[in-house]
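Work out the full structure, taking the sequences as your base and the hints as a guide.
Number of protein chains: 2
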Amino acid sequence: MPSSRADEEARPLARALADWRLPATKTGKPRALADFDPAAKPFSSGSKAQDKEAVDALAVELDALQDIFFADKRFKLLVVLQGTDTAGKDGTVRGVFARMSPLGVRTVGWKAPTEAERAHDYLWRIHREMPGAGEVMVFNRSHYEDVLVPVVNGWITPEQTQQRYRQINDFERLLSETGTVILKFLLHISFEEQRKRLQERVDDPTKHWKFSLDDLSARKQWPDYQKAYGALLGATSTEWAPWTIVPSDSKTHRNLMIASVLRDTLQGLGLRYPDPNPQLKGLKVE
Amino acid sequence: MPSSRADEEARPLARALADWRLPATKTGKPRALADFDPAAKPFSSGSKAQDKEAVDALAVELDALQDIFFADKRFKLLVVLQGTDTAGKDGTVRGVFARMSPLGVRTVGWKAPTEAERAHDYLWRIHREMPGAGEVMVFNRSHYEDVLVPVVNGWITPEQTQQRYRQINDFERLLSETGTVILKFLLHISFEEQRKRLQERVDDPTKHWKFSLDDLSARKQWPDYQKAYGALLGATSTEWAPWTIVPSDSKTHRNLMIASVLRDTLQGLGLRYPDPNPQLKGLKVE
Chain A
1 MPSSRADEEA RPLARALADW RLPATKTGKP RALADFDPAA KPFSSGSKAQ
51 DKEAVDALAV ELDALQDIFF ADKRFKLLVV LQGTDTAGKD GTVRGVFARM
101 SPLGVRTVGW KAPTEAERAH DYLWRIHREM PGAGEVMVFN RSHYEDVLVP
151 VVNGWITPEQ TQQRYRQIND FERLLSETGT VILKFLLHIS FEEQRKRLQE
201 RVDDPTKHWK FSLDDLSARK QWPDYQKAYG ALLGATSTEW APWTIVPSDS
251 KTHRNLMIAS VLRDTLQGLG LRYPDPNPQL KGLKVE
Chain B
1 MPSSRADEEA RPLARALADW RLPATKTGKP RALADFDPAA KPFSSGSKAQ
51 DKEAVDALAV ELDALQDIFF ADKRFKLLVV LQGTDTAGKD GTVRGVFARM
101 SPLGVRTVGW KAPTEAERAH DYLWRIHREM PGAGEVMVFN RSHYEDVLVP
151 VVNGWITPEQ TQQRYRQIND FERLLSETGT VILKFLLHIS FEEQRKRLQE
201 RVDDPTKHWK FSLDDLSARK QWPDYQKAYG ALLGATSTEW APWTIVPSDS
251 KTHRNLMIAS VLRDTLQGLG LRYPDPNPQL KGLKVE
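The listed protein sequences derive, respectively, from chains A and B.
Using the UniProt record's numbering, you'd call the opening residue of the first sequence number 1 and step up by one each time.
Using the UniProt record's numbering, you'd call the opening residue of the second sequence number 1 and step up by one each time.
Bear in mind the hints are in silico, worked out from the structure with no lab data behind them.
One should not assume that every hint holds.
Same chains, same names: a pair is fine if it fits in one copy or spans any two.
Said to hold, decoys possible - Derived lysine to aspartate or glutamate pairs resembling EDC-like cross-links, with alpha carbons at most 20 Å apart:
no., residue 1, residue 2
1, Lys29, Asp63
2, Lys196, Asp85
3, Lys73, Glu117
4, Lys227, Asp215
5, Lys281, Asp224
6, Lys89, Glu200
7, Lys111, Asp275
8, Lys48, Asp35
9, Lys29, Glu192
10, Lys89, Asp214
11, Lys73, Glu115
12, Lys26, Asp170
13, Lys29, Glu53
14, Lys284, Glu177
15, Lys196, Asp215
16, Lys73, Asp224
17, Lys281, Asp214
18, Lys207, Glu239
19, Lys73, Glu61
20, Lys29, Asp203
Nothing here was measured: the structure is a model prediction, and the numbers come from that model.
Written out as structure tokens, the structure is:
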């Protein structure tokens with residue numbers, strides 16, 4: 001059961017989240033990303049220093065919760081991080097998940113499929129990497145790339161795109177029904193914020209390695225990507241795997257929000273250490 | 001395109017198959033296995049010797065077709081063999097698939113899940129073994145065991161069973177929509193035929209290794225298994241992955257029927273070797 005502390009905090013958290021967690025839409029109608037302010041800070045205390053402290057405190061809490069999650073073994077947790085280049089996916093992995101034990105937390109950074117992967121359906125490689133009981137899996141990009149890149153570049157028809165939305169919803173429903181908790185975060189930044197971050201990568205020799213000329217071609221397709229994101233958000237936010245839009249122009253706020261939602265989600269599961277084996281009662285180890 | 005020989009043969013084949021290939025039922029209503037005669041021989045010429053020759057001839061044809069299938073790479077083929085103990089799953093693998101090149105044909109014999117497999121959803125291990133482009137995969141037992149053993153033993157509720165039917169249909173639809181041709185065969189034998197075959201295994205020292213006392217407990221649950229099969233046949237015969245009931249009291253007929261359906265299916269795909277690379281035209285290898 002959630003602790004009383006969690007109960008206390010649940011209401012403000014739910015309120016802060018309300019505008020950013022997308023409801024399951026029956027119609028699958030596209031959402032307009034422009035309706036969401038990437039500079040908003042719904043989870044902020046107002047002080048950046050305090051927010052940073054809160055992220056640190058949350059990381060410690062999450063580490064403890066993950067330990068019970070691992071022992072409990074009734075659930076699996078899949079965290080999907082999506083967002084344009086520089087939106088902060090790597091930063092989130094480091095800022096939110098780095099404190100948890102690698103024993104029960106894995107990360108996959110999805111790239112373009114290999115030849116062997118392309119020989120199978122696009123969810124084949126995804127299914128293989130699903131977390132097992134008690135595990136936390138963090139996806140840096142995901143199967144949602146398969147309804148972004150091919151859509152923006154016109155490699156698949158609108159009918160094929162709709163078919164993929166359905167396939168993804170069905171797939172995630174299977175996962176959910178078999179014990180996987182799915183949290184999908186869209187890291188949402190502004191066009192101007194991306195410009196700044198790309199410029200930083202160009203100017204800073206310690207960040208050069210993160211920069212690729214491909215990033216500039218993707219940047220030219222910004223409106224198309226925003227549209228493709230809007231469409232997938234409307235079509236694949238489901239009861240069993242809702243999308244949360246994370247305003248991410250502020251990195252601190254981004255980490256604070258994601259860590260808070262994670263903490264809240266884990267606390268809501270009523271995690272517990274397994275009951276001790278009754279045969280252990282009174283056992284003397286000699 | 002199918003050869004003219006195939007055209008000639010297509011009509012009688014379709015007629016022979018009509019009573020045994022289950023249509024996609026919208027209602028998902030259970031089928032009664034008792035309505036299907038396990039001793040029937042819809043594909044037989046009437047002469048066992050001729051039928052055996054036909055199986056041999058088909059094996060050669062299938063080998064040639066598989067070679068084009070492998071080169072063509074537009075499709076994947078999944079063959080599911082289900083049936084009670086002694087129904088002839090191993091015999092089918094040997095009798096129908098042994099002549100094809102192991103390069104493009106793989107077989108998986110599914111056993112009870114391991115601990116690592118049980119940590120994931122029941123379709124996780126199945127998805128991993130799906131054929132890639134140009135490959136033929138033969139399943140000796142399959143994910144359908146997950147709607148048989150737990151159903152017969154009451155480990156899952158009727159609601160969970162229905163949920164699994166839906167999950168399986170969704171999963172197979174994804175496979176089909178992404179290029180996998182799915183053929184599902186139920187090897188159907190009579191209670192008396194099973195008795196004979198089990199007795200043979202007990203009496204014949206070369207067959208002892210195939211016998212397990214568990215087979216006798218499963219035999220005691222015969223009516224329950226027949227009922228569970230009837231239910232899954234009604235619920236999971238779909239447009240994209242229909243079930244074919246194969247009357248299997250005769251081993252020769254069983255092989256003949258499965259090989260014929262396979263040949264017909266592969267011929268119907270319009271397989272072709274890929275077009276030569278235009279750069280090869282006039283190329284002199286020196």
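Against the structure, the hints come out as follows:
1. Taking the shortest Cα distances, Lys29 and Asp63 never come within 20 Å of each other, neither inside one copy (38 Å) nor across copies (49 Å).
2. Only within a single protomer do Lys196 and Asp85 lie at most 20 Å apart by alpha-carbon distance; the minimum there is 12 Å, versus 67 Å between protomers.
3. Taking CA atoms no more than 20 Å apart as the test, Lys73 paired with Glu117 passes between copies only; the shortest distance there is 14 Å, against 30 Å inside one copy.
4. With identical chains, the CA atoms of Lys227 and Asp215 are at most 20 Å apart within one copy only, with a shortest distance of 18 Å there and 58 Å across copies.
5. Proximity of Lys281 and Asp224 under a CA criterion of 20 Å is satisfied in neither setting, with 63 Å inside one chain copy and 41 Å between copies.
6. Proximity of Lys89 to Glu200 under the C-alpha cut-off of 20 Å is restricted to the intra-copy arrangement: shortest distance 17 Å within a copy versus 63 Å between copies.
7. Within a single copy, Lys111 and Asp275 get their C-alpha atoms no closer than 41 Å, and across copies no closer than 30 Å, so neither meets the 20 Å cut-off.
8. Taking CA atoms no more than 20 Å apart as the test, Lys48 paired with Asp35 passes in neither setting, with 25 Å inside one copy and 73 Å between copies.
9. For the identical chains of this complex, Lys29 and Glu192 are neighbours neither inside a copy (27 Å) nor across copies (58 Å), given an alpha-carbon limit of 20 Å.
10. Proximity of Lys89 to Asp214 under the C-alpha cut-off of 20 Å is restricted to the intra-copy arrangement: shortest distance 17 Å within a copy versus 52 Å between copies.
11. Taking identical chains as interchangeable, the C-alpha atoms of Lys73 and Glu115 lie at most 20 Å apart only when they sit on different chains, with a minimum of 12 Å there against 35 Å within one chain.
12. For a Cα distance limit of 20 Å, the shortest separation of Lys26 from Asp170 qualifies both inside one copy, at 14 Å, and across copies, at 19 Å.
13. Proximity of Lys29 to Glu53 under the C-alpha cut-off of 20 Å is found in neither arrangement, the shortest distances being 39 Å within a copy and 59 Å between copies.
14. For the homomeric pair Lys284 and Glu177, neither the shortest alpha-carbon distance inside one copy (41 Å) nor that between copies (60 Å) is at most 20 Å.
15. With identical chains, the CA atoms of Lys196 and Asp215 are at most 20 Å apart within one copy only, with a shortest distance of 13 Å there and 69 Å across copies.
16. For a Cα distance limit of 20 Å, the shortest separation of Lys73 from Asp224 qualifies neither inside one copy, at 41 Å, nor across copies, at 32 Å.
17. In this assembly of identical chains, Lys281 and Asp214 lie within 20 Å of each other by CA distance neither inside one copy nor across copies; the values are 62 Å within and 35 Å between.
18. With identical chains, the CA atoms of Lys207 and Glu239 are never at most 20 Å apart, being 39 Å at best within one copy and 53 Å at best between copies.
19. Taking the closest pair of Cα atoms, Lys73 and Glu61 come within 20 Å of each other only inside a single copy of the chain (19 Å); across copies the shortest separation is 50 Å, beyond that limit.
20. In the homo-oligomer, the alpha carbons of Lys29 and Asp203 never lie at most 20 Å apart, since the shortest distance is 41 Å inside one protomer and 67 Å across protomers.
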